[in-house]
Amino acid sequence: MENRLPFIDVLGGPGGRRREDFTSFEYTLPAEITSLYALTPTETLYQIRIIDPTARQRFTFQPGQFVMLELPGIGEAPFSISSSPVRHGDIELCIRRVGNLTNFLARLTRGARVGLSGPFGTHFPVEEMVGQDILLLAGGLGIVPLRSPLSAVLENRSNYGRVDIMYGARNPAELLFTYQYEEWRRFDINLAITVDQAGPGWQGPVGLITEVLKERLGQAGSLATGTCAIVCGPPVMFRFVCDLLTRAGLPPQKMFVSLERRMHCGRGKCCRCNIGSTYTCLDGPVFDYWSVMNLKEAI
Amino acid sequence: MLFKVFAKDELPKLFDLLAANPVIAPVQKGVDQHGVPLFDFDVVHDFADLRLDYTSTIHSAKRYFLPYAETLATFTVDKGGWEKQVDLNIDRRQVLFGLHACDINALNKLDKVLVQSAYPNPFYAAKRRNMFIIGLQCTPRPQCFCRSMGTDFALHGFDMFLTDLGDSYFAEILSAAAFQFMARIVTREPGHDDHERYKAVVAEKNGRFQAKVDSSDLTKILDMEFESPAWKAWGDKCLSCGTCANVCPTCYCYGVEENVDLDLTGAVKTRRLHSCNLIDFAVVAGGHNFRPHSHARLKYRYYHKHRGFVEAFEEALCVGCGRCGEACLAGITVPAVIASVREGG
Ligand SMILES: Cc1cc2nc3c(=O)[nH]c(=O)nc-3n(C[C@H](O)[C@H](O)[C@H](O)COP(=O)(O)OP(=O)(O)OC[C@H]3O[C@@H](n4cnc5c(N)ncnc54)[C@H](O)[C@@H]3O)c2cc1C
Ligand code: SF4
Ligand code: SF4
Ligand code: FES
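Chains as they are written, first to last, in the working numbering: chain A, 2 to 300; chain B, 100 to 444.
Source of the hints: derived by calculation from the structure; they are not laboratory data.
A few of these clues could be false.
The following label-pair restraints were derived from C-beta to C-beta distances [said to hold, decoys possible]:
id, chain 1, residue 1, chain 2, residue 2, range
1, A, P253, B, E410, 13 to 21 Å
2, A, P253, B, L254, 38 to 46 Å
3, A, G227, B, M100, 53 to 61 Å
4, B, E288, A, P7, 23 to 31 Å
5, A, P7, B, T170, 23 to 31 Å
6, B, A217, A, R248, 30 to 38 Å
7, A, E183, B, K331, 52 to 60 Å
8, A, T24, B, A168, 20 to 28 Å
9, B, K331, A, T35, 48 to 56 Å
The C-beta atom is built at its ideal place from N, Cα and C for all residues, glycine as well.
Construct all of the structure, not just a fragment, from the sequences and the given hints.
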């Protein structure tokens, strides 16, 4: 017998039993930025396409899920998919410049190569919302993850009841996707936009999103049964909005939020995204409010 | 389960057979200020360097399966684009000679979260699958509380486990490879006497435990005492140095960093173990820190180990080895923290 113990290749060569499991880690899909469009001085909309057509078609996701995007030597970070699931691996990301990777990305040009992995995380259950009224509440960059469930709703508009979008930004210059507002309205969606501070030419309401929501709730301060809400925004917004919705009678399991944490893997391995002891990347980023109520230090 | 008994002078022979592979084992690294020997795991070439009488090691054997820094990928970059190369950083089997039950159980716990889960980590899995482990019955120190954590005996996750019976070793053989190696040294079937001697050794071991952690209903108690002043008190002592995570056999949290080569033709992606006690652990874009205070971070470490992991896997992510308490300059130990939190302050 050989004294040297035989080496075990966990990947097991092509067709290895767990090869696919193991290669979902670190083995990113080559993708290409097909276009960049500056929405504001700090936010850019990227069209990104997985290069291999088979892999692109195989890439299926649900609204609310995110990808990890990588640039060699620069970094890797999570971004919510902002496009419709029907587009598969030809996705849209809207990214704010905040640091290394995001600033570098904004300087790239069409055709630049990036690495993608995912999709990761939980999603907004739009299928289970069929037949119901939907409230979409977004603050700031929170509109980005909301666009994916929104497009799923628009594609099957007749499946849903009344749909409201309430969107708040700090000032009119920071409003994202302004070019789509008319289109949303054409799909019979009630769009209410508010800003914290008015700017030149601003005619809409000024104030917090909670004011807009209170208006929607009306005198009765309550919601029709069969209403669902999706809430995305900064942590302070969750607290106020979810409180209001709770008082309006919305049960916690019909309220969905998308939480943001630091992420270094997206796969439940680095623990950077943990809330208490829950993985935001696996058990989230989309949580129903009942789960959030059970999480220490969530919002 | 197969048992064998062999004379002590057969062990160097077994070592020599296994030494065709890299062998990692406890060695003495020095002495502390009281003259007490300090041990650590290292690559051992000579049986004489081995210290099977070691109490515990300063660090766990973690760097052989979760290196503190590990290259996850390298990139070659040129004008047309870039290519990524992934290397799992292992090309041979490694022998871990003389792991105590706590450290074997630590591996079993890591297996649950790193391999038997969604998105198994191939870097860890490759190293874990390529281990050959010889376990060794320990002599508990006063600070060991593995018994409270249910990790004082290892049921699986090793190839062979040895118990010192004085003039001979009692061997528990778990893998075919271990069985084949044992066939090449002189062994015998254990008799009634050996069984009695084994049980006596274990009874003696059980009598030595001093430190205790009451983990009954702890997940609930941790929730009830989330706002306990005890956390603040421990947090005020904590230096946020991350030493506890560094020495811990079960701490696996990490961060990833990427660097461009100086000649701009390549890049490297490195995974570095991190500690949830370090201040930047939960800082996100825009500078917001979800755990800005040391007490929030210290509390989180206990939450992850004694609540979250228990909910997910019905066991704690702590094997009671006591290393963190011993290494901590602020004198923060698991039994003391949990006892004070249970008391509600
Ligand atoms: C589920 C999820 C979805 C997201 N979706 C979007 C989106 O659609 N659009 C968008 O613009 N942003 C999104 N983000 C935030 C985005 O991940 C961060 O802006 C990005 O990581 C910053 O990277 P950077 O290299 O530019 O910043 P860095 O230079 O690394 O640092 C800037 C700041 O970001 C923090 N940071 C570093 N790495 C990470 C990380 N991996 N995760 C979180 N924070 C980090 C640092 O602590 C620092 O405070 C999302 C985050 C999560 C968790
Ligand atoms: S508990 Fe002790 S070892 Fe851990 S970070 Fe705090 S001071 Fe450092
Ligand atoms: S937390 Fe401390 S006692 Fe528990 S396994 Fe880690 S180092 Fe050992
Ligand atoms: S991002 Fe690594 S565990 Fe969630």
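Consistency of the hints with the structure:
{"no.": "1", "hint": "A:P253 - B:E410: 13 to 21 Å", "in the structure": "holds (20 Å)"}
{"no.": "2", "hint": "A:P253 - B:L254: 38 to 46 Å", "in the structure": "holds (41 Å)"}
{"no.": "3", "hint": "A:G227 - B:M100: 53 to 61 Å", "in the structure": "holds (60 Å)"}
{"no.": "4", "hint": "B:E288 - A:P7: 23 to 31 Å", "in the structure": "holds (28 Å)"}
{"no.": "5", "hint": "A:P7 - B:T170: 23 to 31 Å", "in the structure": "holds (25 Å)"}
{"no.": "6", "hint": "B:A217 - A:R248: 30 to 38 Å", "in the structure": "holds (37 Å)"}
{"no.": "7", "hint": "A:E183 - B:K331: 52 to 60 Å", "in the structure": "holds (53 Å)"}
{"no.": "8", "hint": "A:T24 - B:A168: 20 to 28 Å", "in the structure": "holds (23 Å)"}
{"no.": "9", "hint": "B:K331 - A:T35: 48 to 56 Å", "in the structure": "holds (52 Å)"}
Violation of the numbered hints given earlier is absent; every hint is satisfied by the structure.
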